[in-house]
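Trainee: Spelled out, the chains give:
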Amino acid sequence: MSAGYDLYAPGDSWLHRLDPRVKLILTAMAALLVLLWSSLPLLLAALALAHLLLALARYPRGLAIGVWRALAPLLILIAVLWPVFDRRGEVVLLALGPLIVTGEALLRGLATALRIAALSFTLLLWLGTTDQRSLVRSLVRLGLPFSLGMAMTIGLRFIPTFAGVFQTVSEAFQARGLDLPPRGLRRLRAMLPILVAALVTALRMSEQLGWTLAARGVGAPVRRTALRDLAMRPVDWPALAAGLAAGLTLLWLTLAEGLGRALR
Amino acid sequence: MDATAPGEPPIRFERFTFRYPPVAGAAPVTALEEISLEVAAGEFLGITGSTGSGKSTLCLAIAGLVPQETGGIVGGSVVVTGWDTRYTPVPQLATRVGVVFQDPESNLVGLSVEDEVAFGPENLGIPPAEIARRVDWALEVVGLSHERNRLSAHLSGGQKQRLAIAAVLAMQPQILVLDEPTAQLDPVGKEEVIAAVERLRQELGRRLTIVLVESDTELLSRFADRIVVLHAGRVALEGSPRAVFSRTQELAALGIRIPPLAELAARLNRALGAELSFLSQTEAEAALARLLEQTGLTRSNDQPPRAGHQERPAAEPVPAPRQARAGSLLTLARERDDQTLHAREPASLIEIEDARYRYGGVYPALNGVSLRIGAGEFLALIGPNGSGKTTLAKHCNGLLRPESGRVLVAGQDTRTTHVGQLARTVGYAFQNPDHQLFLPSVAEELAYGPRNLGLRGPELRARVDEALERFGLAELRNRHPTLLGRGLRQLVAIAAVYALSPRLLILDEPTGGLDGHATGRLMATLEELVAEGRSVLLITHDLRLVAEHARRVVLVHEGRILGDGPPRQILTDEALLARAGMAPLTIARLSRGLSRYGILPSLTEAELAEAVLARLAAGTGHSGLTREGGPG
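From first to last, the protein sequence lines stand for chains A and B.
Residue numbering for the first sequence follows full-length UniProt numbering, starting at 1 and increasing by one per position.
Residue numbering for the second sequence follows full-length UniProt numbering, starting at 1 and increasing by one per position.
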């Protein structure tokens, strides 16, 4: 079951083998660029590049489609609601009483949705090809306190567990005659008891997990060691250098020359 | 592994008292009261007790988690390898005490197998080369070396518990505390964990002190050097397994399930005035063989002596009983089996026809199952984890619908009927009570289901009152369910499903959190329901419970029904059980070992005692013995 919630797809591609710190730095660089850009063509290009790299790394298409499916409601919501609240721009496309939709606002909504999609797939390049151990270890080696890295690992692991608990609780309530409407607010209200019971179970589990961590020496007043630490391979350095050079150039062009800052 | 001061026992409780911090304005709950106990270096101490006796708290206290993580009021002290657990930080104590909890999910951090084992030593700052050596060794001991690169989340329950043991071993503790490590496992997983502990015993011998908390007293009697029985937070009994488990009446009064061989010995002793005592099957077989031979019952009575009888195929017919008289237990048991076969004839409550189901449309779970359940049946569904028991049961109330084939519940096709609608006919109590309790009082919890079905006013009240009464919960009607102990929460959850007044009640591992008393009460209630014409479907790993109560057993394996028949037919068929990876009951195995003396295959201690006494009577002519050998 956990596989369904785990973005990581094991593999042996060049992207999988790249040192997780290099991947993290380059992902951060790319994410920064995507966040700065408003240009629709540039954001589309970034999104296309991310998909190309995922394909080159043989990332399963099913998982990538799953990410799109998960993002879809949010993206649609942004694209639809943005123009309603953003009054900038002169070309009025629609004026219905207090509701005014301008052409620019429409494009801005689209750009924001695209930015979120591009950002998500940039992060997927990193999360989808880095196992949990390397992921946390790279963060810790880059200065994240170990306890935070630990919390991240546990948080990730408990997503499927809690999803499983929620599923079971939901079945237990239906078996007691709870009628779950297929959708809408009524469904949300009907789900309240399920949430309460799932939360109680989750709390019981997390208490025990806290004990397990303490009993496994977390918080011992010694310097932590690692069975296998990360080591940069010769090929990781040029990859980092090339990636950084490209990224910094784009960043300079963006900040100094205004690359991608305009909508079109 | 640095040593403790010579002469100092690794674990010493001195008049230790502990009260959990009060919850929601209630008074603090006393968990342990004036415990004084020493555990010697290298000792294997077994601890058992009824639910709420303080077993788990004792484990937490050894690791310092009580009181450091739980809070609460402490009196007296626990000194572990010279360290007072009240003041020594838990991570420091962790270098000498390793704990494995009951729930496989909460024993692991969630890394790969190798990283999980390395995690503890890494936290302690052990050099990497040494960690690598320890990881290799620990994985080897628990038999997980070949799984080292897998994610722990993808392991089976038994593998997860073995991994938890390895993770603790890698910290090289002097003391290993196991808190019901097999309670949530199927028989296969359980045997895996037991084998790992056995291997550990061989490998480390007296260098490791082990404290094993178990409700399964049969398991304890196999391993422990000494047994401590807790009751209401105090030490109620203490001594060698032989001494403690021979006090069957006291144990029963304390709500402890007695190991089957100890129960058998006690029954025979009561009838014969003898002093039989056996803890292992080999011991029991030898002692009973001696007994049967002494009374002139030689092997030649029924068939020629043969060597290596244990290798005899299970299917070989056993000699017919010459002394099974009307009214004897054996006869009664057979009559019960026969009645069941007749009871199945009338119109079916559940009709499953060639049902197939795959999870996510990919993973096959049911591969063509056909099953009919009638009114008044007491049916047990057995099989290893992942065999399809729960999937099959969820088809009976429409939680799952077959991809092909069909399921009829009281004539309604589950594909076209709403689950909530089917809840009127089929009640389903889930394994973990916390998955269904959410209301602030027991009475409201019980009213929830019937109200969903449209009951209101006096009718609803009457339904709730009846359910409270039937499950002995009347006094708890206004208590908050989530603040009750695990055993009581389990009963509330079952009563809440019963309150729907279903014609078929499905219970998934209902006795997991229950002690002997509560199990006995629950099973008696289920028997009542069956007598009233309702049906009960019990999903369980506890074959002893199945042998004692079920009238029909369905053995599921790999999504198919491997066997369906009376308990005697299924549970004595060792070859059939083995095909599903299941071991037969100790008593069934023992009775087979004694078949050369004309002992028929038996399922329960009472039956085997009766059979032995009947044979003895046949040998000596004292037929009066059998009556005393009946159920006490």
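Worth flagging that the hints you see were computed from the coordinates, not collected in a lab.
All C-beta atoms, glycine included, are put in the ideal place defined by N, C-alpha and C.
Take these hints with a grain of salt, some might be off.
Short derived list, chain B residues pointing at chain A, Cβ under 8 angstroms [stated by the list, open to error]:
#  : residue
1  : A94
2  : E105
3  : V109
4  : D115
5  : A118
6  : P127
7  : I131
8  : L204
9  : Y448
10 : G449
11 : L476
12 : A496
13 : L500
Trainee: Evaluate each hint against the coordinates.
Mentor: Going down the list of hints, with the structure as the test:
1. A distance limit of 8 angstroms between C-beta atoms decides the matter here; for B:A94 the minimum to chain A is near 5 angstroms, and the interface restraint holds.
2. Taken as an interface hint, B:E105 checks out: its beta carbon lies about 6 angstroms from the nearest beta carbon of chain A, inside 8 angstroms.
3. Interface hint at B:V109: satisfied, since its Cβ lies 7 angstroms from the closest Cβ of chain A, which is below the 8 angstroms cut-off.
4. Restraint check, B:D115 versus chain A: the minimum CB separation of about 5 angstroms is within 8 angstroms; hint holds.
5. Taken as an interface hint, B:A118 checks out: its beta carbon lies about 4 angstroms from the nearest beta carbon of chain A, inside 8 angstroms.
6. Satisfaction of the interface hint for B:P127 is found here, the shortest Cβ-Cβ separation to chain A being roughly 6 angstroms, below the 8 angstroms cut-off.
7. Taking 8 angstroms as the C-beta contact cut-off toward chain A, the hint placing B:I131 at the interface holds, the least distance being around 5 angstroms.
8. Below 8 angstroms, beta-carbon pairs count as interface contacts, and B:L204 has none with chain A, the closest being about 19 angstroms; its hint is therefore violated.
9. The restraint placing B:Y448 at the interface with chain A holds, with a minimum CB-CB distance near 6 angstroms, inside the 8 angstroms limit.
10. Nearest Cβ of chain A to the Cβ of B:G449: about 4 angstroms, under the 8 angstroms cut. The hint holds.
11. Given the 8 angstroms rule on beta carbons, the hint for B:L476 is violated: about 18 angstroms separates it from the nearest Cβ of chain A.
12. Given the 8 angstroms rule on beta carbons, the hint for B:A496 holds: about 7 angstroms separates it from the nearest Cβ of chain A.
13. Annotation: interface hint on B:L500 holds; nearest CB of chain A at approximately 6 angstroms, less than 8 angstroms.
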